[in-house]
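Asks: What follows is each chain in one-letter form.
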Amino acid sequence: MFGSRGVFAMKTMELHLTVNGQSLNWSIAPGELLLDVLRRQGYFGVKRGCEKGECGACAVLVDGKPINSCLMFAAQAEGRHVLTIEGVAIDGKLDPVQEAFLDHGAVQCGFCTPGMVISAKALLDRRPDPTEDEVREALAGHLCRCTGYLKPVEAVLAAASKRKNRARRVKPLTEVSR
Amino acid sequence: MSRDRLVVGRNVRKVDGVKLVTGGAAFTDDVQIPGMLYGKILPSPHAHARIRRIDTRKAKALAGVHAVLTYKDVPRVPHTTAGQAWPEPSPYDTYLLDSKVRFVGDRVAAVAAESRAIAERALALIEVDYEILPAVLDMEQAMAPGAAVIHDEPDSTKIYDREHNIAGYILREIGNVEQGFADSDYIVEREFRTQRQQHCPIEPHITISWLDTDGRLVIRTSTQVPYHSRRQVAMILQIPVSRVHVIKPRIGGGFGGKQEMLLEDICGALTLATRRPVKIEFTREEEFYMARSRHPQRLRMKMGVTRDGIVLASQLTVLATTGAYGSHSTTVQGNTGSKVLPLYRAPNMRFECHVVYTNNPVAGAFRGYGCPQGFFAQETLVDEIACELGMDPLEFHRKNVIRLGDTDHLSAQLGEGKEGLPRLVRSCGLPQCMERAARAIGWAQKRKSLPNGHSHLRRGVGMACTMQGSGIAGVDWASAFLKMNEDGSFYLQVGASDVGGGADTVLAQIAAETLGVTLDKIIITSGDTDITPFDVGAYASSTTIISGGAVKKAAGKVRAQVLDLASKMLDAPVDKLDCGNNEVFTTCVCRKAVSMTDLAMQAMYKEKLQIMDGASHFNTDSPPPFCATFAEVEVDTETGQVRVVHLATAVDPGTAINPMQAEGQVEGAVAQGLGYALTEELVLDAAGRPVNANFLDYKMFAAEDMPKLTTILVETDEPLGPYGAKSISEVPINGPAPAIANAIFHAVGVRIRKLPIRPEDVLRALGAKRAANLEEEALLTP
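Taken in order, these protein sequences are the chains called P and L. Residue 142 in this note's numbering sits at position 142 of the first sequence; the count goes up by one each step and never skips. Residue 777 in this note's numbering sits at position 599 of the second sequence; the count goes up by one each step and never skips.
Among the hints, a few may not be true.
As the list claims (entries may be wrong) - Computed footprint of chain P on chain L, listed as stretches where at least three residues anywhere in the stretch have a Cβ under 8 Å from a Cβ of chain P: (1) 698–711; (2) 900–906.
Unchecked claim - Keeping only pairs whose Cα atoms sit at most 30 Å apart, straight-line, the calculated BS3-like set for lysine-lysine is: (3) 754(L) / 661(L); (4) 93(P) / 197(L); (5) 236(L) / 11(P); (6) 197(L) / 164(P); (7) 754(L) / 699(L); (8) 877(L) / 65(P); (9) 93(P) / 699(L); (10) 480(L) / 947(L); (11) 162(P) / 754(L); (12) 162(P) / 661(L); (13) 336(L) / 754(L).
In case anyone wonders, no lab produced these hints; they're calculated from the structure. Quick caveat, the model's predicted, so the values are computed rather than measured. Built from N, CA and C at the ideal position, the CB exists for glycine as well.
Model the full assembly from the supplied sequences, consistent with the hints where possible.
Replies: Set out below in structure tokens:
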């Protein structure tokens, strides 16, 4: 698979990591990028757009932080928790960010969408009630050639307010239980 | 149909949305095929050279290399890579591989190997002895006597004048332009320049090909034109069309860059040579200079008006370069005249254009297709004329723009590579577009007074009006096929190519509306040459109106079959029946109904009848969508930096089948238009090599860079479109550059006539203005 002949003979190494909650052991080559390994393992939602960390299409969360998987050696993911777009919806139930992307027309070709959703999710986990500027900053690393960014930004803000409303609805119950 | 529309005109979710938002394996590269090889193209390092000798022995000897192809190994078939309807109007000047290279990035050889690393290593082992030829890099020099001849090969065809590097030439006139200028009170002539912009789809070009178990060549590819690609690949590889199967999966953006047969031929050739699956994908760097770009142009525009501000004559003279190959050369440039000049009701118009070859990266189709260049010139010139006459530019537009009932006669003279057809304006929302976008930007107040004071930050507002077409009249056509399933759902097959704009959704909406079913009852497959019927593909703003027209026709036929059977089942005449909400019901008082499911079961198991039908569709006219773009900018007079504060775009797309998606088309086009206006240019060095082929040095607008956007849809009812629809995807890209240039003039009083408008251009113009003012003062001071 890696051209294991002649000058291209590569040693392999074991990688232990968690992807989307699943504990995994993979055999990788030392110099392989996380992007290439994830795609080879079938995580096709991690997109190859530039391989230079400039477009954000390959973003995943590593221990909750968005990173461009084309800028990280797979070996650096040893022992860490990786979340790809495939792990964002749980048991077929879409994340509020994903629902909002659909409802607000924020998906066009969909090639940058996984990266945007990943970064938006990380933002909302960190800051549940972001300003528009904060949303734009969080999406700034994701180039999109289709949408002009307006609908993705609206979608993230809508997802935030949906989450907030849900939190409010939950509140009285906790008060009752007290 | 009299009832209210249930699906058309609604903001429904994209039918392919869930798989896209969850990262489903939907794109070309999202497959793993056992035994797949990695293909790679050796790009020319020289702008113009002949291959004296090429030695592939070392590369072939490398372990893991399965094929190395040069011009010696492949058929020599002159063709164009432009994905256009046969016979393509573009010159046949391109070869699968050739003994001559004509730009930095041109194909020298191709390899297929077991990994990308081996393929890259193999490229380095190919020994090439080049005879370096003088290169023509400046389009102004291309026609000069003694300039190197780029296409000196004798077998290319349809080149206008190969001795002078002229790929195409256009001259058209309606009325009498000389007389028009003679009758004018005021004539202005200016020169404009536009740059090489790259499409930058986030998914670069990628193709995977293999032989199926019947030995047919299957090509899974990121394309806007699966059918044209199939025809062209078959011709180039000299195999029958029936031996080629092209599959268009989800596409990560096209914008015209994928209206090309770009990797399919070489990937297929490697598969035929190795009998193995092969993948070729462009790196981002390769995408910048080995794929296509927007044609750079020099435009001279002259306009004559009366003292009341009525346009009498307009003349546009263009020099454009198509780069090393003539893909879309005359058709893009033809649009620069035919879609731009007729915006004004001038009785006299003249358009002349030379499209020249240079040893530069190849230009091609790009959203707007020649119009962004033309409208930049025309709308900037019109603003200057209005200001000189002391007229509000908005008032000037109101007086002069094309109206409902007008006929555009220039389009009759200037079609797609041949005579065209006259365009009659049957729907026109341009006046409302202008009024509503003007209001959104605060035009009336801001034109009069802006709170600029003595600040170095100066605000200004500017506007532009633009139009486009909806499909190529008499050329573009499409077909659709529908069949009913046992549960009352319908399977819709269309050759149309959704490249991300949401065509599948819009076409499914049209089918659902016509059949009276909910959107979830339509299952759509698009762009697979084995499964779906023919469609020219996704270009020329044609899909909604042309493919949508085919879907509406096919659905109408299927609806008639449904009603026939329902008439039997309900014992009611067909004219007393209607469909809606997944049932057929009688329209009389005693309401009887049969569900689509029951009807389908009856058809299949009692009547032994597959309810199904198909239809083809084309138009002999190309209804123009209209657009008004208004911009507010802030210019920093100390740095020359231009910040767009607010951009309001109002578009008349006919009926918006899915308004949310239509808005998305506008906003995406505007973002590309902003880049075109201010930041985007693929820069070449003195040897024709790209210097900024990456996203850091080639600046696209990102989320943080965007101004406030206002998007307004002014819906009209187009008689030639399905449910009144025209088109929307291209027209909004034309407006930002001229609107911004005009706003800059309003802010600081300088005219910028080149794109992109960089801070240094603004500073230089401000410096020149200051110097001129000082000179004037010096002359006035005794």
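Asks: Checking each numbered hint in turn, tell me which of them this model violates, lowest number first.
Replies: Hint check: 1, 2, 11, 12 and 13 fail, others pass.
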